[in-house]
Amino acid sequence: MGSVSSSTVMAEKISWYCALLMALMLVLSCCEVSETELSTVGHPRFFENKPCDEIYVVREGETLNTISEKCGDPYIVEENPHIHDPDDVFPGLVIKITPFIDRYTPEDVSSQMR
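Numbered per mature numbering (1 follows the signal peptide of the UniProt record, and there is no 0), the sequence shown spans residues -36 to -1, 1 to 78.
Hint data in this document are derived by calculation from the structure and do not stem from the laboratory.
Incorrect hints may appear among the rest.
What the hints assert, rightly or not - Label pairs and their in silico Cβ distance ranges:
#1 Met(-27) x Glu18: 52 to 60 Å
#2 Glu42 x Val21: 13 to 21 Å
#3 Leu(-9) x Ser(-32): 52 to 60 Å
#4 Val(-33) x Met(-12): 26 to 34 Å
#5 Pro55 x Met(-15): 44 to 52 Å
#6 Asn29 x Leu(-11): 50 to 58 Å
#7 Pro55 x Leu(-9): 36 to 44 Å
Stated by the list, open to error - Cut-off 16 Å, straight-line C-alpha distance, at most; resulting in silico cross-link-like pairs (EDC-like, lysine to aspartate or glutamate):
#8 Lys60 x Asp17
#9 Lys34 x Asp49
#10 Lys34 x Glu24
The beta-carbon is built from N, C-alpha and C at its ideal position, and this holds for glycine as well.
Hey, can you work out the whole structure from these sequences and the hints?
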């Protein structure tokens, strides 16, 4: 058998790269999100009923009271021993949030209804 010419090797490499690119494009096109899905997720009401994340980063102008009301956690100071002064809250402070609703088990709720 003879040696393979460099142009044949180059053509084979290019065809493999094209095949990989086509496969990647096919996979990405299957994962594409439609505009209606984006508008639903981006809509402000989408996040209204969602409680705050367990880890919360304080923003400019927020106080523990506003965060407590927003996230439904009246015990922020008790859960965050690194907060020594509740009035000394600054942007970038990381706090743990546990919404008050999540504190009850279904058994607790059913016993309170009796």
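Report task. Compare the structure with the hints numbered earlier in the document and write down the numbers of the violated ones, lowest to highest. Result -> Violated: hints 3 and 9.
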